[in-house]
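Line order of the protein sequences matches chains A and B.
Per our numbering, the first sequence starts with residue 6, numbered consecutively.
Per our numbering, the second sequence starts with residue 6, numbered consecutively.
There's no promise every hint is true.
[To be verified] Which residues of chain B face chain A? A partial, calculated answer using Cβ under 8 angstroms:
#, residue
1, 118
2, 119
3, 197
4, 219
5, 260
6, 278
7, 286
8, 291
It is worth saying that the hints were derived from the structure and are not from the lab.
From a predicted model like this one, the values you see are computed outputs, not experimental measurements.
C-beta atoms are modelled at their ideal positions from N, C-alpha and C, and glycine is treated no differently.
2 protein chains.
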Amino acid sequence: MSVIYQRVALIGLGLIAGSMARAMQRGGLAGEITGYARSAETRTTAADIGLVDRVCDSAAEAVKDADLVVLAVPVGVMGAVAAEISAHLKPGATVTDVGSVKRAVIETVSPHIPDGVHFVPAHPLAGTEHSGPEAGFAELYDNRWCLIVPVEGTEPQAVARLRSLWEAMGANVDEMDADHHDLVLAVTSHTPHLIAYTMVGVADDLRRVTDSEVIKYSAAGFRDFTRIAASDPTMWRDVFLTNKDATLEILGRFTEELFALQRAIRTGDGDHLFDYFTHTRAIRRGIIDAGQDTDAPDFGRGGPKS
Amino acid sequence: MSVIYQRVALIGLGLIAGSMARAMQRGGLAGEITGYARSAETRTTAADIGLVDRVCDSAAEAVKDADLVVLAVPVGVMGAVAAEISAHLKPGATVTDVGSVKRAVIETVSPHIPDGVHFVPAHPLAGTEHSGPEAGFAELYDNRWCLIVPVEGTEPQAVARLRSLWEAMGANVDEMDADHHDLVLAVTSHTPHLIAYTMVGVADDLRRVTDSEVIKYSAAGFRDFTRIAASDPTMWRDVFLTNKDATLEILGRFTEELFALQRAIRTGDGDHLFDYFTHTRAIRRGIIDAGQDTDAPDFGRGGPKS
Numbered sequence: 006m007s008v009i010y011q012r013v014a015l016i017g018l019g020l021i022a023g024s025m026a027r028a029m030q031r032g033g034l035a036g037e038i039t040g041y042a043r044s045a046e047t048r049t050t051a052a053d054i055g056l057v058d059r060v061c062d063s064a065a066e067a068v069k070d071a072d073l074v075v076l077a078v079p080v081g082v083m084g085a086v087a088a089e090i091s092a093h094l095k096p097g098a099t100v101t102d103v104g105s106v107k108r109a110v111i112e113t114v115s116p117h118i119p120d121g122v123h124f125v126p127a128h129p130l131a132g133t134e135h136s137g138p139e140a141g142f143a144e145l146y147d148n149r150w151c152l153i154v155p156v157e158g159t160e161p162q163a164v165a166r167l168r169s170l171w172e173a174m175g176a177n178v179d180e181m182d183a184d185h186h187d188l189v190l191a192v193t194s195h196t197p198h199l200i201a202y203t204m205v206g207v208a209d210d211l212r213r214v215t216d217s218e219v220i221k222y223s224a225a226g227f228r229d230f231t232r233i234a235a236s237d238p239t240m241w242r243d244v245f246l247t248n249k250d251a252t253l254e255i256l257g258r259f260t261e262e263l264f265a266l267q268r269a270i271r272t273g274d275g276d277h278l279f280d281y282f283t284h285t286r287a288i289r290r291g292i293i294d295a296g297q298d299t300d301a302p303d304f305g306r307g308g309p310k311s
Numbered sequence: 006m007s008v009i010y011q012r013v014a015l016i017g018l019g020l021i022a023g024s025m026a027r028a029m030q031r032g033g034l035a036g037e038i039t040g041y042a043r044s045a046e047t048r049t050t051a052a053d054i055g056l057v058d059r060v061c062d063s064a065a066e067a068v069k070d071a072d073l074v075v076l077a078v079p080v081g082v083m084g085a086v087a088a089e090i091s092a093h094l095k096p097g098a099t100v101t102d103v104g105s106v107k108r109a110v111i112e113t114v115s116p117h118i119p120d121g122v123h124f125v126p127a128h129p130l131a132g133t134e135h136s137g138p139e140a141g142f143a144e145l146y147d148n149r150w151c152l153i154v155p156v157e158g159t160e161p162q163a164v165a166r167l168r169s170l171w172e173a174m175g176a177n178v179d180e181m182d183a184d185h186h187d188l189v190l191a192v193t194s195h196t197p198h199l200i201a202y203t204m205v206g207v208a209d210d211l212r213r214v215t216d217s218e219v220i221k222y223s224a225a226g227f228r229d230f231t232r233i234a235a236s237d238p239t240m241w242r243d244v245f246l247t248n249k250d251a252t253l254e255i256l257g258r259f260t261e262e263l264f265a266l267q268r269a270i271r272t273g274d275g276d277h278l279f280d281y282f283t284h285t286r287a288i289r290r291g292i293i294d295a296g297q298d299t300d301a302p303d304f305g306r307g308g309p310k311s
């Protein structure tokens, strides 16, 4: 593979930016990678582990002469960061982001993009429950989706170039509009996260079931919830505050369905439960067929066929 | 290791019984294993793959002369199976089960246990979303918990012998009473399953988000829900019908908490969300420290450190 952007600036040096740095290094996709993080501790760690070629002391310094600037900070501070770098962007540069919400990011970042600079929002659908510069790894995006959400009037060439970067980092790329993105993500990610956080909170709160029991006996279901509910609190707070409408809509649907199942339990309506559970089982098969998960008998956690 | 029970009869030949057969074979823990399943197709498959030493045509035949009889059928039919085998049990034999609910199983099975036969309920906390005789594998119980729920008046020797079998199959064993078991499981397993089923049902139901999108973009949270929601429908219907009170209690707590978070989203109370998410993150650390999950950066799904 060859260099796609001569100079790339990563603003924010957490799991997502760190994995991008590793994936770009793996493929030789950037001539030079600069990086900046607000926390001095993060900058020191990133420098110590050689995450990028040059760690800068300010976002303005990092974006100087950059051909691609990646905003990899919580959605709630995207606007402030954009304002900070605005005057320092190179004409012809592309600014992108990796935020989990797109409408709010576009509204807050766009006003700070100067004429002659391209803004191409994006969202890689990949992550782990870990955060920080040391959490990144080159394979995070392999065979995962990255959604690009072009804003009106963007030069197709700028979109195509960003797409080629994500593909070279291992991802499959789709394009969609911002509102549809936010609804799809409310279903596939934001609401599931809120529900997982809630369930873990309930478990922790129950006095009759001690913490140690909840943890010891977590294997059968709850364990998956704790994994989801261990994600970065700042990132998720911002997701719910900025994708409020879609999340509340899906939550409303969720509680409606949950109450129907709850009533079936209360009234002993076994047929309703059986039919519902049979129906949901089919979706799982679709996900395995689509190559987005393993079919290993122990969920890929160390069993014989994983 | 050496033989713990000379003859073991498995009634039901699904994932749990199949994995027990494989684990007993691995350790040489049973002199002979017989098996019976209601479905002729299951019996044929079990015979074809050599799951047990002898597949029988009736439960009564399978339990003849057995030292240990394992009821590995859905909780809703435990009583009927117990009635069927009652007259054929060998004096001094132990009957156990593997049901996910204990109070209901004890109430329905106990009346059919003849004098001189020991009944020692148990529940291994392990499973996958797969079912059927071919889903079993010897390692399923390694380092997982098995909860033994002795009923009043059971001979300690019978309990100790069953414990030694589960330990020899790789499990850690704890004892607790039936009501506490059912509450702990409502928190760590039953309610999480119901919630996962619900979320998957909601996703499938939304017309604006097509099935294919839900499946394609499932990586970020939803995927874990579909795994949980792919479990055996019959088994789970019976769990909810027979652990009704505890499940409804935990569901009530869950919706209370969910509504509080929903209100925080609606009113934009970021501090509430941040504090909640920070708190739940700590539980995850406890589960990893307790050795009940991997800390691999991609959840053990094929990344570099898994």
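Q: Under 8 angstroms, Cβ to Cβ, is where residue 197 of chain B needs to be relative to chain A, so tell me if that hint holds or is violated.
A: Holds. Min distance 4 angstroms.
Q) For the hint on residue 260 of chain B, does the least C-beta distance to chain A fall short of 8 angstroms? A) 7 angstroms, holds
Q) Is the interface hint for residue 291 of chain B satisfied, with its Cβ closer than 8 angstroms to some Cβ of chain A? A) The hint holds - residue 291 of chain B has a Cβ within 8 angstroms of chain A, the shortest such distance being about 4 angstroms.
Q) Are residue 278 of chain B and chain A close enough, Cβ to Cβ, to be under 8 angstroms, as the hint says? A) With Cβ-Cβ at 4 angstroms, under 8 angstroms, it holds.
**Q.** Hint validity - residue 219 of chain B Cβ closer than 8 angstroms to any chain A Cβ
**A.** With Cβ-Cβ at 6 angstroms, under 8 angstroms, it holds.
Q: Identify whether the interface hint at residue 118 of chain B stands, where standing means a beta carbon of chain A within less than 8 angstroms of its own.
A: 26 angstroms, violated
(Q) Restraint: residue 119 of chain B near chain A, CB-CB cut 8 angstroms. Satisfied or not? (A) 30 angstroms, violated
Q.
Under 8 angstroms is the threshold here; is the Cβ of residue 286 of chain B close enough to any Cβ of chain A for the hint to stand?
A. The hint holds - residue 286 of chain B has a Cβ within 8 angstroms of chain A, the shortest such distance being about 5 angstroms.
Checked against the numbered hints listed earlier, the structure breaks hints 1 and 2; every other hint is satisfied.
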